[in-house]
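Chains as they are written, first to last, in my numbering: chain A, 1 to 302; chain B, 1 to 318.
It is worth saying that the hints were derived from the structure and are not from the lab.
Glycine is no exception: its CB is placed at the ideal position from the N, C-alpha and C atoms.
Keep in mind that a hint or two might mislead.
[As the list claims (entries may be wrong)] What the simulated footprint calls covered on chain B by chain A, stretch by stretch (three residues with Cβ under 8 Å from a Cβ of chain A suffice, anywhere in the stretch; the number is not a length): (1) 16 to 23; (2) 84 to 96; (3) 107 to 114; (4) 137 to 145; (5) 148 to 157; (6) 293 to 306.
[As the list claims (entries may be wrong)] Okay, derived cross-link-like pairs now, SDA-like style, lysine to any residue, Cα gap no bigger than 25 Å in a straight line: (7) A/K192 with A/F208; (8) B/K276 with B/Y4; (9) B/K52 with B/S83; (10) A/K132 with B/G3; (11) B/K276 with A/Q249; (12) A/K132 with B/L26; (13) B/K237 with B/F217; (14) A/K132 with B/L10; (15) B/K52 with B/I6; (16) B/K237 with B/A82; (17) B/K276 with A/I170; (18) A/K132 with A/V144; (19) A/K192 with A/G163; (20) B/K276 with B/L10; (21) B/K237 with B/V154; (22) A/K132 with B/I315; (23) A/K76 with B/A156; (24) B/K52 with B/P40; (25) B/K237 with B/E211; (26) A/K132 with B/I6; (27) B/K276 with A/S30; (28) B/K52 with B/G75; (29) A/K76 with B/P41; (30) A/K76 with B/I153; (31) A/K132 with B/Y4; (32) B/K52 with B/A30; (33) A/K132 with B/E228; (34) B/K276 with A/Y267; (35) A/K76 with B/V154; (36) B/K276 with A/S265; (37) A/K76 with B/Y159; (38) A/K192 with A/M298; (39) B/K276 with B/Y159; (40) B/K237 with B/Q308.
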Amino acid sequence: MSDQAILSAPGAAAEYDSAPATKVRGYWQSVAYRLSHDWITLIFGAVVLVIILIAVFAPLLAPFDPYAQSIVGRLKPMGWRGHPLGTDELGRDMLSRLIYGGRISLIMGLAPVAIAVMIGGTLGVIGGFAGKVANTAIMRTMDVFYAFPSILLAVAISGAMGGGIFNGIISLSLVFIPAMCRVAETATSQVKNLDYIEAARASGAGTFAIIRHHVLGNVLGPVFIYASSLVSVSILLASGLSFLGLGVQPPEPDWGLMLSTLRQSIYVDPLGCAMPGIAIFITSICFNLVSDGVRAAMDVRI
Amino acid sequence: MFGYIIRRILFALPIAIGVSIVCFSLVYLAPGDPLQTVLPPDATAETIAIVKHEYGFDRPVPVQYAIWLWHVVQGDFGRSIASRRPVTLEVFGSLANTAMLALFAVPVAFATGFAMGAIAGCYPGRILDRIVTGAAVIGVSLPNYWLGLVLVIVFAVEYMVLPASGMGKSGSAAFSLWRWSDAQFLVLPVVTLTMIPIGIIARTTRAAVAEVRSQEFVTTLRAMGLGEGAVIRHVLKNASPQVLAVMGLQFGYLMGGSILVETVFTWPGSGFLLNKAIINRDIPVLQGTILALSLVFVATNLVVDLLQATLDPRIRRA
Chain A
1 MSDQAILSAP
11 GAAAEYDSAP
21 ATKVRGYWQS
31 VAYRLSHDWI
41 TLIFGAVVLV
51 IILIAVFAPL
61 LAPFDPYAQS
71 IVGRLKPMGW
81 RGHPLGTDEL
91 GRDMLSRLIY
101 GGRISLIMGL
111 APVAIAVMIG
121 GTLGVIGGFA
131 GKVANTAIMR
141 TMDVFYAFPS
151 ILLAVAISGA
161 MGGGIFNGII
171 SLSLVFIPAM
181 CRVAETATSQ
191 VKNLDYIEAA
201 RASGAGTFAI
211 IRHHVLGNVL
221 GPVFIYASSL
231 VSVSILLASG
241 LSFLGLGVQP
251 PEPDWGLMLS
261 TLRQSIYVDP
271 LGCAMPGIAI
281 FITSICFNLV
291 SDGVRAAMDV
301 RI
Chain B
1 MFGYIIRRIL
11 FALPIAIGVS
21 IVCFSLVYLA
31 PGDPLQTVLP
41 PDATAETIAI
51 VKHEYGFDRP
61 VPVQYAIWLW
71 HVVQGDFGRS
81 IASRRPVTLE
91 VFGSLANTAM
101 LALFAVPVAF
111 ATGFAMGAIA
121 GCYPGRILDR
131 IVTGAAVIGV
141 SLPNYWLGLV
151 LVIVFAVEYM
161 VLPASGMGKS
171 GSAAFSLWRW
181 SDAQFLVLPV
191 VTLTMIPIGI
201 IARTTRAAVA
211 EVRSQEFVTT
221 LRAMGLGEGA
231 VIRHVLKNAS
241 PQVLAVMGLQ
251 FGYLMGGSIL
261 VETVFTWPGS
271 GFLLNKAIIN
281 RDIPVLQGTI
291 LALSLVFVAT
301 NLVVDLLQAT
311 LDPRIRRA
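So that you can see chain B by itself, here it is in the shape it has in the complex (with noise of 0.2 Å):
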């Protein structure tokens, strides 16, 4: 097992490597100059030249990737080119708002999503399969910040019983879990948040669950007089590295792709920060947004391929 983690720590570096260089590329993919935004439309060949300086764009590009990635290794992601603060603080500030969505939603989507997946694969072809398939592909269909828009139009327009947008009065700093009136904003993000997950794990757990079921040692565990419930606690151990592969991506993608989710509610995580970045042409604020939250997905993959590893010793072996 030891061998294993460090294998696979080791398989996660050049990756992490490799995704940095792609977040450091974006400035080149930039239309124009990068510094556009912060010099005046009349700026002398020389002011060019010193704020060029200054920023460090007049290095040969590898240099300027070396320099740029030994600062953020030493957590400096650079100045925000339209707030002029440390990237860093505006990057973690907004990671911490993501997570509170997404760990609250991590525990509604996994715990549905397999219980409805279980289900449907323990009674195929039945009518709460063709119920739980067909929410399933309706959950994976859904554009989820429409589902957002309308949420906010019953709740929020029509019968105004939770708010539409924000994280309430007291902002960010302030925000506290155990008040209402603050923890009722969390309400309609989470829901949102939590169908796209629901959906696919639904679909995983059942095509898993059916696929463990056909094979023999169920079979075999029948045959030798084991009760039904008895049967599907092994059917569901069997499954379970399989949905957990999926359930591992999926708060990734609750983390990284909350983006949609965070613009419809105005909520100040790293998806609306980035949001912000884009229109303002804010590279350094972009660069740092996403390269925080790809390592986000990165070592949560990390952590469940070794989960997987605990959980079925084969696969330490491939």
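This is chain A alone, in the form it adopts within the complex (with noise of 0.2 Å):
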């Protein structure tokens, strides 16, 4: 970066003579440099890490099992009998329910935006790449899901195949792979036509090479940022989804299911119909804030 606009200032040519040496980071350098000093991100993202880390080692930290019921300790307050957020109205331990409700969560945020980052990456590397045909087939069939409100699709599809973690995470891989798809393609067909390439396949480089260590490096970057912000909105609509009882079913615990089955006692028992949303919302603008964070340390424009 900071080569680059000292050689493309006016008069540069003197200036780059008389300059110092100085040792010039590299773009991965730079990027980490950056993040070093944004301490939003690096709490926000040591925040994520403890999310995950308690979703890995639920079994090792919740206190009760998060299937056990009791008749008797149905919406019981916080700090009963050692529950210390209470119980549900089952009488199934809060904390526990919650501790384990991060592993659907985090599935559920992270597997759709994986697999749309697989299939619609590469939907859109090949129409970005290939001919008009094939761009225009597979463009106008993402502009037709695209054309759908992405929870609208989301319940549709669900709402058809039925509920389910897996029905769950397909509907959502449908919902991000349009989006997906858009990216990989423009940042292809704006690498494709540069000089390096075509001189990449005047040198003889097959078109999969080319694909391969020429076009991918650019489409990387854009995809891996525009997938960290789905995260967290696939955090919350697979919540949604768990919520209208599409996503997750019982007695599983999910934020979104919990949030569901709690509001039947919201006037019994307020602060426990809330809690489920708290941990949502706080995974989810923990996601958001890194990917933020990160996607101006990578300096990628989507």
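Two chains, each in its own frame: build the complex with the hints.
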């Protein structure tokens, strides 16, 4: 970045000669440098890490069995008989369910995005690199799915296929594929006609080699940044699906589903009813802020 | 401009057809037989065949689609499997209720979001910018149906100043905006719905304003001696096409994405109808509602594109 700026500045040659020899940072070094000075991103990145660790080590951390019901201990307040956050409408320990709920919520947040990156990204690179017919076929199909508001498409597909984690992941992946495909297609067609691709082709590189060595590097940045911004959207949509009864099914502990079942007892235990939402909010805002920070550090525009 | 309008409409048509194909295919995504809900469990093969024929399920799929589309174009979405009422009646009644929410949420969300974003963009890095940016991130990270629940807890359960859900005693047919006893039911859903658009519009406006402010013509304006107010006017005008595009998208989301909020407040809109249709496995209603909502979305995008082209002549030539 910095040496480029000097080179393009007027009268650069003279300045460049007399400038003291400074160490030029590589791209990733400057990204790391910028990230290490962005304390907001670092703090929230740490929180994301903690959330992931809690989800991974849920069996060790949860004080109770998240499925164990108790008829006498329903909707008890915080601290009742050693339940730190009280109990839910079936007498199950709220904290344990929140801890275990993180597992499903994170899977529902990450899996659809990962699937969309693979399928949508591949389609986008093909669409951007291939000829007009393939491009039109792929991109116009994507336009159709783009014509649905995201939650509506997710609800439509899950609604038709029925609930469950697996169907939820499929429907959310379908929601994200068109967007992923567009980002990859734009990035691909931007580099496709550059001189160095032409040079690679002239020196005998095949299409696959060109994509592998010259295109992917330019596509992965925007795709990765866009994907990271989708994680929080995916978490929100997934919990929304579960809230509607379309995603995770009872008795699995999931934040969205907990909100929906605790909602019935909103007049008895308003605080307990609000708790799963706080978990969703914290997770989603952390992913959002980390994504914003990484985007700024990588200096990528989508 | 005329040529652009024609081109843009021609571009929207195949998308609308594609959307109708997706809605039609929802029947085939559904596991099991779509007729399960109407047939008694001990139906004979003969009865099944008769019912299948009545619903047209014995024809080849493309023919079924063509017949379905032909009816849809005439405004006939078939009959609800659950209530046996025409789907069109159910869909349009509920769509009107959703539109009522959206029409109140739109001015509030757009004005607030735009003002917040403009202020933040004009003073980047200052304390106001930080507050706005923070609020906007919170807005897009909060699950809005959860905010709805919290508002219900605070205003309906704790303080009992606003109703928690529904549309009031008079119901959907006699609902009047001019009676507070009816209109109060709008307050919490509308506030809940505005949150996400405010966050997104504030973020977009901020980015657009900051980008325009760094352009050279702004420096020229300043060098020419224009006051800060006049400069900001120029900046906002140049940032508006970008913001408008996002606003259009948000209007579409308010119409099509209100299913969660409507469920929280049991507001009898299209999202609520959709939810009911899913629970009852009422595929004709599901198809009709989704088709209607996504066509609204397609139309909104069309209108926004045309508005953008009027604001920014460069778009027409692209």
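Verification of the supplied hints:
Counting residues of the segment 16 to 23 of chain B whose C-beta lies closer than 8 Å to any C-beta of chain A gives 6; at least three are required, and the coverage claim holds. Look at the segment 84 to 96 of chain B against chain A: 0 of its residues bring a Cβ nearer than 8 Å to a Cβ of that chain, fewer than three, so the hint is violated. For the segment 107 to 114 of chain B, the stated coverage by chain A is violated: 0 residues have a C-beta nearer than 8 Å to a C-beta of that chain, whereas at least 3 were required. By the rule of at least three residues with a Cβ nearer than 8 Å to a Cβ of chain A, the coverage given for the segment 137 to 145 of chain B holds, with 7 such residues.
Counting residues of the segment 148 to 157 of chain B whose CB lies closer than 8 Å to any CB of chain A gives 5, so the stated coverage by that chain holds, three being the minimum. Check on the segment 293 to 306 of chain B: 5 of its residues sit with their Cβ under 8 Å from a Cβ of chain A, so the three-residue criterion for coverage holds. Using a Cα cut-off of 25 Å, the hinted pair A/K192 and A/F208 holds, with the two alpha carbons roughly 13 Å apart. Simply put, B/K276 and B/Y4 have alpha-carbon atoms about 41 Å apart, too far for the 25 Å limit, and the pair is violated.
With a C-alpha separation of about 19 Å, the suggested pair B/K52 and B/S83 falls inside the 25 Å cut-off, and the hint holds. Between A/K132 and B/G3 the CA atoms are separated by roughly 23 Å; this keeps the pair inside 25 Å, and the hint holds. For the hint pairing B/K276 with A/Q249, the CA-to-CA distance comes to about 17 Å; that is within 25 Å, so the pair holds. Under the criterion of a C-alpha separation no larger than 25 Å, the hint pairing A/K132 with B/L26 is inconsistent with the structure, at around 30 Å.
Proposed proximity of B/K237 and B/F217 is supported: the alpha carbons are some 13 Å apart, at most 25 Å. Our distance criterion of 25 Å between C-alpha atoms is met by A/K132 and B/L10, whose separation comes to about 19 Å. Between the alpha carbons of B/K52 and B/I6 the distance comes to roughly 42 Å, so the proposed pair goes past 25 Å and is violated. This hinted pair does not check out: B/K237 and B/A82 have alpha carbons roughly 51 Å apart, beyond 25 Å.
This hinted pair checks out: B/K276 and A/I170 have alpha carbons roughly 22 Å apart, not beyond 25 Å. Distance restraint check for A/K132 and A/V144: the Cα-Cα separation of roughly 18 Å lies within the 25 Å cut-off, and the hinted pair is therefore satisfied. Restraint check for A/K192 and A/G163: the C-alpha separation of about 42 Å exceeds 25 Å, so the hint is violated. Simply put, B/K276 and B/L10 have alpha-carbon atoms about 35 Å apart, too far for the 25 Å limit, and the pair is violated.
Among the hinted pairs, B/K237 with B/V154 is inconsistent with the structure: their alpha-carbon atoms are about 40 Å apart, more than 25 Å. Proximity of A/K132 to B/I315 is assessed by CA-CA distance (about 22 Å); at most 25 Å being required, the pair is judged to hold. The straight-line distance between the Cα atoms of A/K76 and B/A156 is roughly 22 Å, inside the 25 Å bound, and the hint therefore holds. For the hint pairing B/K52 with B/P40, the CA-to-CA distance comes to about 13 Å; that is within 25 Å, so the pair holds.
For the proposed pair B/K237 and B/E211, the alpha carbon gap of about 13 Å is at most 25 Å, so the pair holds. Taking the CA atoms of A/K132 and B/I6, the gap is about 23 Å. The hint holds against a cut of 25 Å. Of the supplied pair hints, the one linking B/K276 and A/S30 is violated, its CA atoms being roughly 53 Å apart against a limit of 25 Å. Distance restraint check for B/K52 and B/G75: the Cα-Cα separation of roughly 23 Å lies within the 25 Å cut-off, and the hinted pair is therefore satisfied.
Taking the CA atoms of A/K76 and B/P41, the gap is about 43 Å. The hint is violated against a cut of 25 Å. For the hint linking A/K76 to B/I153, the alpha-carbon distance of about 18 Å falls within 25 Å, and the restraint holds. Taken as a hint, the A/K132 and B/Y4 pair is honoured in the structure, with Cα atoms around 22 Å apart against an allowance of 25 Å. Taking the CA atoms of B/K52 and B/A30, the gap is about 16 Å. The hint holds against a cut of 25 Å.
At most 25 Å may separate the alpha-carbon atoms for a hinted pair to count; A/K132 and B/E228 exceed this at roughly 48 Å. Proposed proximity of B/K276 and A/Y267 is supported: the alpha carbons are some 24 Å apart, at most 25 Å. At roughly 20 Å between alpha-carbon atoms, A/K76 and B/V154 fall within 25 Å of each other, so this suggested pair holds. Annotation: proposed proximity of B/K276 to A/S265 holds, straight-line Cα distance about 21 Å (limit 25 Å).
About 22 Å separates the Cα atoms of A/K76 and B/Y159, which keeps this hinted pair within 25 Å; it holds. Under the criterion of a C-alpha separation no larger than 25 Å, the hint pairing A/K192 with A/M298 is consistent with the structure, at around 22 Å. Restraint check for B/K276 and B/Y159: not satisfied, since their Cα atoms lie roughly 30 Å apart, outside the 25 Å limit. Distance restraint check for B/K237 and B/Q308: the Cα-Cα separation of roughly 12 Å lies within the 25 Å cut-off, and the hinted pair is therefore satisfied.
Checked against the numbered hints listed earlier, the structure breaks hints 2, 3, 8, 12, 15, 16, 19, 20, 21, 27, 29, 33 and 39; every other hint is satisfied.
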